[in-house]
Amino acid sequence: MKTPILVGALAAVLMGGGVLAVVASQSNGPDTPAATSPPTPSSSVAGDPTAPASGAALTEAEQTALKVFTTWSDRSSTYEEWWARLEPLLSPAGKALYQYTDPANIPAITVTGDPEVTDAVTGPNAVTPGGANVAVPTSAGDFIVQLEHDHGDWLMYAMTFPQGVQ
1 MKTPILVGAL AAVLMGGGVL AVVASQSNGP DTPAATSPPT PSSSVAGDPT APASGAALTE
61 AEQTALKVFT TWSDRSSTYE EWWARLEPLL SPAGKALYQY TDPANIPAIT VTGDPEVTDA
121 VTGPNAVTPG GANVAVPTSA GDFIVQLEHD HGDWLMYAMT FPQGVQ
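Just so you know, we're using our numbering here: the sequence shown kicks off at 1 and counts up by one.
These are calculated hints, taken from the structure and not from any lab test.
Heads up, a few of these hints could be off.
20 Å max Cα-Cα, derived EDC-like pairs, lysine to aspartate or glutamate [unchecked claim]: (1) K67 x D119; (2) K95 x E80; (3) K95 x D150; (4) K67 x E81; (5) K95 x E81; (6) K67 x E80; (7) K95 x D74; (8) K95 x D114; (9) K95 x D153; (10) K67 x D102.
Derived CB-CB ranges, DEER-like [unchecked claim]: (11) G164 x E80: 29 to 35 Å; (12) A84 x T118: 28 to 34 Å; (13) D119 x Q163: 28 to 34 Å; (14) E80 x Q163: 20 to 26 Å; (15) Y79 x E116: 28 to 34 Å; (16) T110 x Q163: 15 to 21 Å; (17) H151 x A108: 33 to 39 Å; (18) S77 x D119: 27 to 33 Å; (19) N105 x G141: 15 to 21 Å; (20) G164 x A104: 16 to 22 Å; (21) H151 x S76: 29 to 35 Å.
For every residue, glycine included, the Cβ atom is placed at its ideal position computed from N, Cα and C.
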């Protein structure tokens, strides 16, 4: 079975909003299937600001990515209020990356479409087995919310910004 090894470093340029992640994996034997299942469809609640624009059912990963993104991009709160809402949606790595972000420095952006899983990060070579990368279309381009599936919960560990957005 292949075991992921974090061999790089995570660095964040949080004042500007950029994130750099360097990771790799190491092989420890033959390939075996991932223990977690891929994202599964789930319906959203009517009137929920994280509900999909098209009315189509989103996977749990897509719902989580939308919730994380809308929480992260909410510039209307104090840091303490913003962090209290965002922190439970983050993995330990995500907390380390975003804990010093000032929400006032986040660009003013709006979601313009439904999120979409761009690739499920599954299998023995996955840095985060059972994770998913979800594209969230916005007025500034597609943000990629990187999720891991931890003890039944989807949690964000990083976000990739569209080119030119800081």
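Status of each hint after checking the structure:
no., hint, result
1, K67 x D119, "19 Å, holds"
2, K95 x E80, "14 Å, holds"
3, K95 x D150, "14 Å, holds"
4, K67 x E81, "15 Å, holds"
5, K95 x E81, "15 Å, holds"
6, K67 x E80, "18 Å, holds"
7, K95 x D74, "17 Å, holds"
8, K95 x D114, "25 Å, violated"
9, K95 x D153, "15 Å, holds"
10, K67 x D102, "19 Å, holds"
11, G164 x E80: 29 to 35 Å, "30 Å, holds"
12, A84 x T118: 28 to 34 Å, "29 Å, holds"
13, D119 x Q163: 28 to 34 Å, "19 Å, violated"
14, E80 x Q163: 20 to 26 Å, "32 Å, violated"
15, Y79 x E116: 28 to 34 Å, "31 Å, holds"
16, T110 x Q163: 15 to 21 Å, "18 Å, holds"
17, H151 x A108: 33 to 39 Å, "35 Å, holds"
18, S77 x D119: 27 to 33 Å, "32 Å, holds"
19, N105 x G141: 15 to 21 Å, "18 Å, holds"
20, G164 x A104: 16 to 22 Å, "20 Å, holds"
21, H151 x S76: 29 to 35 Å, "31 Å, holds"
Violated hints, in rising order: 8, 13 and 14; the structure is consistent with all others.
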